[in-house]
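Number of protein chains: 2
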Amino acid sequence: MHKNICIIGGGISGLTALYYLRKKGLKATLFEVSSQIGGVIQTKNIDNFIIEKGPNTMLLSDQRTLDMIKDLELSIENASPYSNKRYIVKNRKCLSLPISIFNFITTSLFSFPTKFKILIEVFKRNKKSSNEESISQFFIRRFGKEFLDYAINPFIAGTYAGDPDILSIKYAFPKLYELESKYGSVIGGLVKEKKDINKIKRQTISFNGGINTFTQKLAKRYKESIFTKSQVKDISKHKDGYTITLKQNNELKTLNYDKVICTIPAYSLKKITVNGRSFKDFTTLNKINYPSIISISLGYNSESIPHNLSGFGVLVPKCENMNILGILFSSSLFKNRAPKGKSLLTIFMGGSRHPEHCKLSKEERYSLVYKDLEKLLGIKSKPIFNYETIWEKSIPQYHLGYGHYNKILGIIELKLPGFYFAGNFVNGISIQDTILNSMNLINEKF
Amino acid sequence: MHKNICIIGGGISGLTALYYLRKKGLKATLFEVSSQIGGVIQTKNIDNFIIEKGPNTMLLSDQRTLDMIKDLELSIENASPYSNKRYIVKNRKCLSLPISIFNFITTSLFSFPTKFKILIEVFKRNKKSSNEESISQFFIRRFGKEFLDYAINPFIAGTYAGDPDILSIKYAFPKLYELESKYGSVIGGLVKEKKDINKIKRQTISFNGGINTFTQKLAKRYKESIFTKSQVKDISKHKDGYTITLKQNNELKTLNYDKVICTIPAYSLKKITVNGRSFKDFTTLNKINYPSIISISLGYNSESIPHNLSGFGVLVPKCENMNILGILFSSSLFKNRAPKGKSLLTIFMGGSRHPEHCKLSKEERYSLVYKDLEKLLGIKSKPIFNYETIWEKSIPQYHLGYGHYNKILGIIELKLPGFYFAGNFVNGISIQDTILNSMNLINEKF
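Protein sequence lines, in the order shown, are assigned to chains R and V. So the first sequence is numbered by the numbering used here: it starts at 105 and just counts up by one. So the second sequence is numbered by the numbering used here: it starts at 105 and just counts up by one.
By construction, these hints were calculated from the structure, which means they are not laboratory data. There could be a bad hint or two in this list.
Any copy, or any two copies together, can satisfy a pair, since identical chains are not distinguished.
In silico lysine-lysine, BS3-like type, Cα no more than 25 Å apart, as pairs [as the list claims (entries may be wrong)]:
hint, residue 1, residue 2
1, Lys296, Lys197
2, Lys197, Lys422
3, Lys286, Lys189
4, Lys375, Lys232
5, Lys351, Lys375
6, Lys375, Lys333
7, Lys298, Lys189
8, Lys303, Lys357
9, Lys249, Lys231
10, Lys296, Lys194
11, Lys422, Lys298
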């Protein structure tokens, strides 16, 4: 008899789980509490500005992700070749992150001692402390403080919206952690490490119409198995599987499944009871930190932006004491993201660095943004278009001590056989991480 | 009255002089001693292998060259994007010349002390000796011996077919020489130096059908002003200009011109008399060294070459003690250079490093080549196609003491008012150098 599987949550993790289950010929139903599919992946077209409310790009580096994209007949949109130019703010100026040797030698982003530290990291065999290391501790030890401040800190703000002082190197960047453990050096390890057979050349991509073309395609393909506005209230274990209590249109109904895949954010778990009772382990996972982040899309007449916007965008190190976390040159990155003659910027605020910013009024917030845009890009005019998204809880932080939560995930899966977790708080926050995480789950357990 | 100008020599220098004279509306006639136009730029199509007998690529980095190419309605063929990958032989292995920081840090082409020397060159203020420095002395002083051996030495073999121990940094690389003089450091100078307004992004190019499409186009456009098989035997100065004695079809004729532009190789000057007599200054220029070089084109079935040939080619440092100077991956570099399923390699031998190689029999030479191709690219089969060109005198060497010849050029132009030199022994050996050299001459003196 075919197994019948319940998927809770209609973000990319749940959709990917559904995709791979169906590839295996298994029966599965997906329930999403909100009225729309895609989770944080949300694209909007407003006045011909293409706005990404959540993730703006997807990093593709694995053949299996590419296979899935091809199977879905999605046409990839590669980021502009200029997107390998990324700016970092130093002394209120945008300096490009060096890629070539010549840039590296001549950049004023890093002092000579830092360049020297980068050069000798491959020989460096210093001991890490026995305590769990933060990203900051790890990079200070391997590459020095300036590299942390002007490369890692802004990078963490741009990916995790997080703070490297309290993120765990082991859980947030397991590959770097393992490279040092195994080879004694990060760079040396990158050279020696055998290439993962699934690895392909890294590319920054989106899709025609925006990132949500991906999730929409999945939603469309499996529409008969997907139910929105469907809140899972309780899961009860019985001999042959689980009984799910579902709230749909203010009606409660119960359904039986063999297995359950749970992909909702950690902070939403506490809303689900187990066997009719509040489940302590779910409540514990509520402590996983999700900082707020504000994504502000601003449209300008292109001629009112003095900077050429050739590149990916700008990241602001914490030590520069500015208001914003970074700027994405959205209309330079992909084609057709703004009407002709207009440019679209996406500005990020808040995060672990400035939690207070989501409490400000829109006017206060925008005035902080305008100040920074003038300093960094020379923009003096006001935008002709604006749109903002406030994520009160954005990205799960793999903080120091995250191992504890990881253990609880394992304990829950032991207590509830046939119940599995997926999602961006499990094995990596990037879109591709969550895809591969769901894929691995299906391959291993189903 | 319009000036009437005589151009001696139908290589790229003479053709470019003709082009710019005609752009100025001046009257000019070009005489070429051989039966073909283009000088060392010679492309042949044999069995659908496109063979470059002389220069294989052209480096384009100046807007004025691009303007000329556009004006001639030539369609540029850009080298494959993989061509920025260049291999250098170390311990009989092909290592890629690092471009990215990561490659630079991790490459075994340079030891750590060399990498460190590259990093600190910008701070280094050591004094050069008061004597004229060779390229080797200059680079040992600035970047160390290993950088000379594994970057500069092979580069010089690949461009000049020359020996950095006896080439003059001041005359062979005037820009590097000036950067150090002006800014105290090569890399520091590259950063500080104001960008030449004519500079455009460097690109390695050819043309549809090969490099000689360029010279053929010039020859076609001005065919009524170009005479081949026409040897200038004597130039005689008179009050209003020059009388040229010309040998055409074994007949001597004399023609009057206002001015003369001489673009033939330095070693050919001695064949021209001045005012009916051997001209000592011309004879002196005969001492400018032109080493021999052998260019060997080999065609293979692609599957018989284990190496992926993704890149520009391989250069062999002298200290590796191999037979060949380098290999160009011709059919990877440009499209349609070999029939389908075949690959074309161009191998260089001889040069200042191995002058004895052009005395060998073809069999002896090819057996040396095959040995090296097996070591470097793993090729065990024999080629299905071969073609070789022996240049007994290839590229003029700007040796130590070259300044003396430079002075003589000036003296001759003083002794013979209205007589000017152009060509690759005057102001740089590259195709673009000779083009700009002829262009500057016409702009300044005509």
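Violations among the numbered hints
When the structure is compared with the hints, numbers 3, 4, 8 and 11 turn out to be violated.
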